[in-house]
Amino acid sequence: MQTTVQRKTSSKNRLNPGGRYWIWYILPALLMYCLFMAYPMLDSVRLSLYEGTTGARTFVGFANYVRLFTDPEVSARFWGAFRNTWVFFAYHMLVQNVLGMLFAVVLTNRTMKGRQFYQTVVFIPCTIAVMVTGYLFKLILNPQFAGPTLRSMGLGFLVKPWLGSEKTALNVISLVSVWQWVGIPTMMFVAGLQGISEDLLEAADIAGANSWQTFWYIKYPLLLPVVGMIAILTFVSNFNAFDIIYAMATPDGAPNYSTDLIGSLFYRYGVAGKHPIGIPEPGVGAAISTAVFFMLLAGVVPTLRATQGKE
Amino acid sequence: MSTRKNERKGASLKILNMHIPSHILMIFWVFIALFPVYLLIINSFKQRMAIYSNPFGLPGVWTLDNYIYVVQGGNFFQYFFNSITVVVVSLATILLLGSLAGYALAHWRTRLSRGIYFFFILGMMLPIKIATIRLLELMKIFDLFNTLWSLFFVYIAMGMPTAVFILTEFIHGLPRDLYEAAYIDGAPRSKIYYGIVLPLIKPALATVGIYNLVPIWNDLWFPLIFITQEDKKTVLLAVTRLQGQYSTDWPRVFALLTLSALPVILLYLSMSKQFVTGLTAGAVKG
Amino acid sequence: MRKLTALLLAVLMMAGLLPALTQAETVKLTMGSWRSDDAEKVQALLDKYKELTGVEIAFQPTVSDQYNATLRLQLDNGTGPDLYYSRSYAVGQELFDAGFSMDCTDIPGVKENFPESALDAWQTPDGKVFAVPFAAVSQVIYYNKTLFAENGLEVPTTFEELIAVSKAFKEKGIEPFANGIASNWDILECVYLGMLPNYVGGADQRALYESGEKKMNDEAFLKSLQDFAELAQYLPEGFESLTNSDGPAMLGLGRSAMFIDGSWTCGTFADYGVEWGAIAFPAPEGATPAMCFHPDMGITGNNATKYPEEVKAFLTWLATPEGAQTTSTYLPQGFFPMIDAPITFADPAVTEILALNDGKVLDARFVWAKLLNMYTPMVEQLNALTKGETTPEAVAEVFAAEQAKIVGQ
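Going line by line, the protein sequences match chains H, G and R. In terms of this note's numbering, the first sequence is residues 2 to 312. In terms of this note's numbering, the second sequence is residues 298 to 583. In terms of this note's numbering, the third sequence is residues 90 to 498.
If we strip away everything but chain H, and leave its shape as in the complex, we get:
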């Protein structure tokens, strides 16, 4: 569908005047990126082969990786966090991104009133700092704070230690995160849907397609590159997510590591060190990130191939 409609004309790579001259357009971004991100990060990845902190660093080969995957405690934490991160990701894909698409379809319905108001409101939570969101929801979900009021309203069944139970904490935190960020996929889908040519929608309308058919046979296939892009961004950001766990469940992923994500695990081992000692092990932290890096790569490359930049 998409190749026939939109990309038909895009295969003319003859339009490539100047060749290497393009590098001048790329260079400023590349320099910034290399100096302040790529070099420091790649150089730090090297630390996964070392032990100790600055000053007292010794080369240990792959010992950190061996520890990560064989030490009963560290590997249990790693796989626990790995599993939790997938749950966290599943919520964002299935709830946040689906909801985002739904909102975007509604918000681009040109005959509907109040679109601008809705669009503005959907995005408001994104402007609030995660720390503030965490604090607010911790109070709302706190049985001692909200409990008495909820009970008097006959909503006593809502009074549960949501964040204190291993069964519910991760689900609740994932939903809070969805609440906060749903505006972003919404905006991206809106931008994508705006790009669909009106002639096409008109044609579908004339052919008698209903709104579901229009969505499924015309809008969705054309949105596929946006879907892929959002999937990749969600995937990558969820595997680095940390702020919301820090704000709502302590960096330990309380209770009992049930909300521990790869991001908080990395923070605990690689950046802050475990309470109360607080001496980080940058080597283990780097090993965690490197292992996850390759897993992400294995997820991102096929997605990129399947949804983007077909020539």
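Hints in this document: simulated from the structure, not taken from any laboratory. Backbone N, C-alpha and C fix where the C-beta goes; we use that ideal spot for every residue, glycine too. One or more hints might be untrue.
[As the list claims (entries may be wrong)] Per label pair, the in silico range of CB-to-CB distance:
1) 152/H - 238/R: 25 to 33 Å
2) 374/G - 53/H: 42 to 50 Å
3) 398/R - 87/H: 56 to 64 Å
4) 53/H - 117/R: 27 to 35 Å
5) 53/H - 497/R: 16 to 24 Å
[To be verified] Output of the computed footprint for chain H on chain R, the stretches with three or more beta carbons under 8 Å from beta carbons of chain H:
6) 158–165
7) 319–327
8) 467–478
[To be verified] In silico lysine to aspartate or glutamate, EDC-like type, Cα no more than 20 Å apart, as pairs:
9) 168/H - 469/R
10) 256/R - 243/R
11) 217/R - 205/R
12) 139/H - 546/G
13) 161/H - 478/R
14) 494/R - 72/H
15) 275/H - 491/R
16) 304/R - 293/R
17) 259/R - 316/R
18) 275/H - 183/R
19) 168/H - 478/R
20) 312/R - 374/R
21) 499/G - 199/H
22) 139/R - 527/G
23) 139/H - 154/R
24) 139/R - 398/R
25) 275/H - 469/R
26) 437/G - 165/R
27) 117/R - 398/R
28) 217/R - 183/R
29) 395/R - 440/G
30) 130/R - 546/G
31) 449/R - 249/R
32) 168/H - 326/R
33) 117/R - 136/R
34) 117/R - 528/G
35) 139/H - 167/H
36) 494/R - 482/R
37) 303/R - 482/R
38) 139/H - 326/R
39) 476/R - 167/H
40) 275/H - 154/R
For this one, chain H is given, so just place chains G and R on it according to the hints.
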């Protein structure tokens, strides 16, 4: 055919377009999205004890004491000036450099350009915190401690991968006929960038802006290690310290958090019209 | 776009100019700390010091749980503060061993004015002092006097009475305690380590566990865990998601009758207008009452400071009785100077809490000196025990196994 179309344009249009369920959905979400914000604001006007007996309702007695106290606790104008400077400078630079690179990477399809593109994308997959030690060393070399410059550079670099990713994909997705003629006429690249590409990618720029605004605004880590001087602190850094100080006085914390959140919400609301039009500006009439 | 560029340039220039305008050439020291809660009070203390000596010190606290990591990063890069709070025992010593912290052994007064128990926390095995002892905290049980009086209950003096009182409160529909487990530290640091000295004794006994002579599944430990499990039944509804900062409010509003916490909290109750008191954690019948009095904060100098003389002068001042007295008037309530000299407090409640120490065996938190690696497994086990997912016997076995790992090394 024409009768059918007229019929659809008539009374049944609203049903066919599912206006009613759409409104129900959106009103439901408006409530969910705004309730915590409402809590944040009203509780900041309550007296200390009232918050426990009445956490969800409007204050019985409105008080400004919490704000007066909090404002005296720190130089909020300075914090805001710092935060907003950091956000504006970083975002503007990200958008400028990102769109230039995206424009080039979308049009220049060679093995080298693909390699560069992929190299940018790799940056999304590692946590930037891993680079902390090296970044500290860099800041030391450039003597940027306790300056906002240290934050600009890190944030600009941090935003590059997603900016390049989103903008390259977006520019690549634009129908080529839009600038084909210009190329054939021999128009310079810079003119095509400024005159054709830039207006078309406004929605994507808005998206990238938002996508990067969030982590920059939320970041606590780099201010924490680069900034110790009071007059260079960002809002969030100051708020975390003050929050510890007021930890058991909830209305005061609410006032503090409202003070940190409200300006951004207001800024967003005042710009939301431009934002929404920016988002729709690129509608392709193709 | 052009407007944006102009704005960009203007902002960049302003940001560039600011540092140039604010630079001045006077001695201005900085002090790092994890106590962001105390910022106002400690700054007042430092202002007083400036009044006395003319040396200006700016207090620059960091969020507590990021303090160790950020301080280490700053020290590594030569941008650390001139003075900084030093954690007690191994964590503080690590910075000394790495060459960052000043050797305070020869600071006048340090060896003379502090008791051995205080110096112990900031001393290497070969007797080098790496920070001047600054303040200690004690672990107590706060109680709501009004609730006790209204319900005709006596303040407990033994563990058995504590349980009886808790039971009575629960039957009347009042939550006995205000403690939860969501902060992930207070159930160990305040509750369990607060009660432990009553079961295992003081520093001399602790040394036997540290050397492995005594096992952490012995009778004393088992009894402590059984009593802990009994106490845990009286935690409030929804304790799983209550944090340490919910406690003062619950006690203050009369929702809970007692709150097991550190002396550092005592200043917050006044805001609620509650009649409160504090007791030491009551020992089981027949046991020698003991108490957790924990050396918490030391202050040391940064070897890389530009002003070593001024830094040393401040540390010397801290180690004098006058310095300690001044300090204690400014320190937040519930932090006690450790100096061997009579100190008076403005607030009688604070004097009362410190008086709880009298006649009791005192010791630091059990795991701090040598068994800190047990911290995480202990938190995990106690959380599970609180939720009824394990038994005291099983926990004792895990404790002993973890102890063996550390001692066996």
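(message) So if I understand the rule, the pair passes when the alpha-carbon distance is 20 Å or less; does residue 449/R with residue 249/R pass?
(response) 19 Å, holds
(message) Just to be careful, I want the Cα atoms of residue 139/R and residue 527/G compared with a cutoff of 20 Å; is the pair within it?
(response) Holds - the C-alpha atoms of residue 527/G and residue 139/R are around 19 Å apart, at most 20 Å.
(request) Verify the proposed pairing of residue 217/R with residue 183/R, using a straight-line Cα cut of 20 Å. (result) Holds. Residue 217/R to residue 183/R sits at ~13 Å (cutoff 20 Å).
(message) Would the hint linking residue 130/R and residue 546/G be met if the CA-CA limit is 20 Å?
(response) Given pair residue 130/R, residue 546/G holds - Cα atoms ~17 Å apart, limit 20 Å.
(request) Determine whether the Cβ-Cβ distance between residue 53/H and residue 117/R falls within the hinted range of 27 to 35 Å. (result) Cβ of residue 53/H to Cβ of residue 117/R: about 34 Å, so the range 27 to 35 Å holds.
(message) 56 to 64 Å was suggested as the range; check whether the CB atoms of residue 398/R and residue 87/H agree with it.
(response) Holds, since residue 398/R and residue 87/H (Cβ atoms, about 57 Å apart) stay within the stated range.
(message) Between the beta carbons of residue 53/H and residue 497/R, is the distance compatible with 16 to 24 Å?
(response) 23 Å, holds
(message) Against the 20 Å threshold, does the CA-CA distance of residue 168/H and residue 478/R hold or violate the hint?
(response) 14 Å, holds
(request) Quickly compare the C-alpha distance for residue 168/H and residue 326/R to 20 Å and report which way the hint goes. (result) OK: residue 168/H and residue 326/R at ~17 Å, within 20 Å.
(request) Measure nothing beyond the straight line between the CA atoms of residue 161/H and residue 478/R; if it is 20 Å or shorter, mark the hint as holding. (result) 19 Å, holds
(message) Tell me if the straight-line CA distance from residue 303/R to residue 482/R falls inside 20 Å.
(response) 17 Å, holds
(request) Mind checking the alpha carbons of residue 494/R and residue 72/H for me, to see if they're no more than 20 Å apart? (result) 14 Å, holds
Taken one by one, the earlier hints all hold for this structure without exception.
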